[in-house]
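There are 2 protein chains.
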Amino acid sequence: MDYQISEKMKVMKPSAIREIFKSLTDPSIISFSAGNPAPESFPTEAMAKLAGDIFREDPINALQYGITEGYPALREDISARLRNKFGIGRDFDSTIVVTGGQQGIELACKVLCNEGDTVISENPSFIGALNAFRSNGMKTVGVPLDDDGINIPLLESAIKDNPRAKMIYLIPTFQNPAGITTSEEKRRAVYALAKKYGLIILEDNPYGELRFAGEEIPTIKSFDEDGIVIYCSSFSKILSAGMRVGYVCAPNTLVQKMVVAKQVEDVHTNMFFQIMTHRFIKEYDLDEHIDGIRALYRRKCSLMLETLDSEVGDTIKFTRPQGGLFVWCTLPAGTDLTEFVKRAISNKVAVVPGTAFNADQNAPSDSFRITYATPSEEQIVAGVKAIKKSL
Amino acid sequence: MDYQISEKMKVMKPSAIREIFKSLTDPSIISFSAGNPAPESFPTEAMAKLAGDIFREDPINALQYGITEGYPALREDISARLRNKFGIGRDFDSTIVVTGGQQGIELACKVLCNEGDTVISENPSFIGALNAFRSNGMKTVGVPLDDDGINIPLLESAIKDNPRAKMIYLIPTFQNPAGITTSEEKRRAVYALAKKYGLIILEDNPYGELRFAGEEIPTIKSFDEDGIVIYCSSFSKILSAGMRVGYVCAPNTLVQKMVVAKQVEDVHTNMFFQIMTHRFIKEYDLDEHIDGIRALYRRKCSLMLETLDSEVGDTIKFTRPQGGLFVWCTLPAGTDLTEFVKRAISNKVAVVPGTAFNADQNAPSDSFRITYATPSEEQIVAGVKAIKKSL
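Those sequence lines, one after another, are chains A and B.
The opening position of the first sequence corresponds to residue 1 in this note's numbering, with each subsequent residue numbered one higher.
The opening position of the second sequence corresponds to residue 1 in this note's numbering, with each subsequent residue numbered one higher.
Certain hints may be false.
It does not matter which identical chain is meant; a pair holds if it fits inside one copy or across any two.
As the list claims (entries may be wrong) - Derived pair list, reagent style BS3-like, types lysine-lysine, alpha-carbon separation capped at 25 Å: (1) 10 with 195; (2) 166 with 13; (3) 139 with 8; (4) 85 with 166; (5) 388 with 160; (6) 389 with 348; (7) 196 with 166.
In short, the hints are calculated from the structure, not lab data.
The whole structure should be built from the sequences, with the hints applied where relevant.
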């Protein structure tokens with residue numbers, strides 16, 4: 001049978017990261033390639049206790065259909081936390097639960113954009129978001145990242161050059177893949193540009209709570225007096241990624257449409273883990289738990305940066321993240337990225353080639369992404385040595 | 001701010017059922033309107049035990065990111081069960097886990113259809129599917145249901161009248177909302193038409209295992225020698241709806257694209273409940289558990305049909321399902337459906353007006369859907385009496 005695939009899906013390729021992740025069945029390969037949180041960051045004991053409690057006290061709610069907007073008590077927890085801790089959420093906003101931050105990104109795009117519209121993002125950017133835009137038939141345009149965030153004059157040019165631009169997609173804090181954090185000045189400049197040109201900002205902040213160095217910087221959503229920012233985040237990096245519990249805070253008009261779009265994607269998010277997340281917030285100290293994760297990543301990131309300094313500091317250029325999961329490495333001029341990645345695999349370390357993160361799928365790259373989150377301390381050292389060997 | 005909603009989402013309204021469900025906070029109202037399985041059908045004790053086991057033995061797998069295709073052991077369980085028990089799945093097919101059967105429907109449509117293409121369905125049909133098609137910018141065309149399934153000559157006319165028809169969407173077994181089961185003869189006729197005109201059949205079978213009367217009829221997918229059927233089902237009605245674990249069995253070429261589309265919707269389905277479903281299948285007797293659910297619904301459905309016979313048998317026409325969750329009732333000619341539904345609510349019974357299930361969103365209806373799954377036996381009797389009072 002000659003299947004006629006839809007135009008928007010015909011151009012889609014499987015995510016390079018997911019594919020690398022799938023191929024990592026060889027346990028002798030050190031994975032610097034995953035986007036996973038450290039398994040030791042999951043509060044397994046507390047969650048085991050809560051699971052027992054829920055099955056004893058509230059099994060039907062946990063196993064029955066729920067409403068699309070999310071478990072009401074969890075929505076309240078999230079709203080209160082966003083407002084009190086991060087200054088996010090005004091009277092025109094509301095908060096819903098989604099199946100991981102990924103779904104929030106996809107829904108935002110589906111609700112706002114027609115096929116042929118443009119999303120402008122940092123370049124490089126998160127492949128899951130870029131692919132969500134592509135799968136909705138959108139054009140992705142990337143704007144280079146400077147050390148302090150997206151290049152503002154080039155962002156304005158991109159807006160002017162793309163009359164069908166609808167949305168600016170940014171990961172301002174501990175960017176994936178680059179590990180860069182956008183300065184407050186630039187965040188305000190992006191907001192001003194979006195307002196000037198009538199664009200919506202999609203602020204993706206999955207790593208925002210994982211700061212282990214430097215000063216907190218307010219989110220773009222916290223400036224949002226005009227109702228032009230959709231804010232997506234999740235519990236994937238602070239409680240559990242596998243449970244798929246994320247959230248969106250956005251102007252209610254948009255949220256209402258996102259709920260309709262979510263209904264037809266999965267009806268609602270897993271109820272049991274919505275209840276568990278609510279109970280964790282009520283019965284445990286989430287902030288204290290997050291402090292533990294920050295300390296863990298501080299240690300692991302320091303080790304990775306130290307090892308990079310000592311092993312490849314004179315050849316590879318790399319970012320120095322103040323939080324999040326990723327370091328972005330740039331090869332010396334003239335190195336063939338594809339060959340390097342293959343040599344790395346044969347030297348037993350997996351990295352993600354930068355091409356995977358390009359807004360333009362056919363553009364070249366001289367960079368790759370590595371993570372310190374999942375490898376052990378021994379693996380961090382051995383993996384960096386394997387990178388050196390692969391140069 | 002004047003938000004520019006995408007063309008495809010602009011026309012979407014929230015699902016009438018979900019809206020009714022949300023408004024059902026008044027506990028004195030008997031809900032005949034939900035599409036929920038009976039809460040007593042959940043194997044709560046077994047799931048509680050398994051939850052404890054998973055947290056003790058395999059917490060990291062359950063809480064970490066998984067692969068988009070689904071937990072491998074569960075995929076194998078499902079494939080084996082489909083093949084051995086239902087004759088479903090050939091060498092060109094593969095099976096993936098999705099976030100409820102709903103996601104399977106939405107992904108099938110996304111992968112195959114361009115905006116402006118047509119999906120032909122039974123009329124009435126499942127609102128969640130119709131809305132999934134609409135949210136992908138598709139035209140929905142309904143073909144009347146006879147007592148033994150979709151009207152075949154009218155189906156062929158609809159195909160001829162809609163040159164952009166891409167897919168035939170059917171719920172052949174215990175149809176939602178009509179409770180009708182398509183005969184084997186008609187299933188083969190639909191298959192032959194799809195083959196003749198080069199269309200894909202999307203067979204939705206969430207209720208197929210809930211037969212409590214009559215003879216088993218083979219699924220359309222079991223005839224599929226040509227790779228033209230996408231089969232969607234789930235564990236929602238046999239284990240738990242709130243966990244959101246469904247599956248798709250379809251030709252591998254299509255499944256590969258569906259995986260790419262799923263990646264950008266939610267990365268993967270909740271890992272913990274994928275593992276739990278696998279363990280339930282391995283450690284308990286799923287068929288025996290389902291037998292218990294069938295007995296429960298046999299009892300409840302009999303009671304509802306008897307009460308309908310005795311209370312409103314001379315005025316309301318209704319279907320006599322051999323399985324599933326729903327009875328479809330048609331009012332005497334000249335009754336105003338909207339007024340009837342309002343009177344029913346004031347008489348403390350909630351039903352779903354048939355208009356919600358029309359492929360043509362503006363078409364009238366003289367029917368409504370009720371369920372025996374969630375109300376108690378007392379509520380079934382009282383609710384039918386309230387329906388009588390509302391005539």
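Indices of hints not satisfied (ascending):
Hints 4 and 5 not satisfied by this model.
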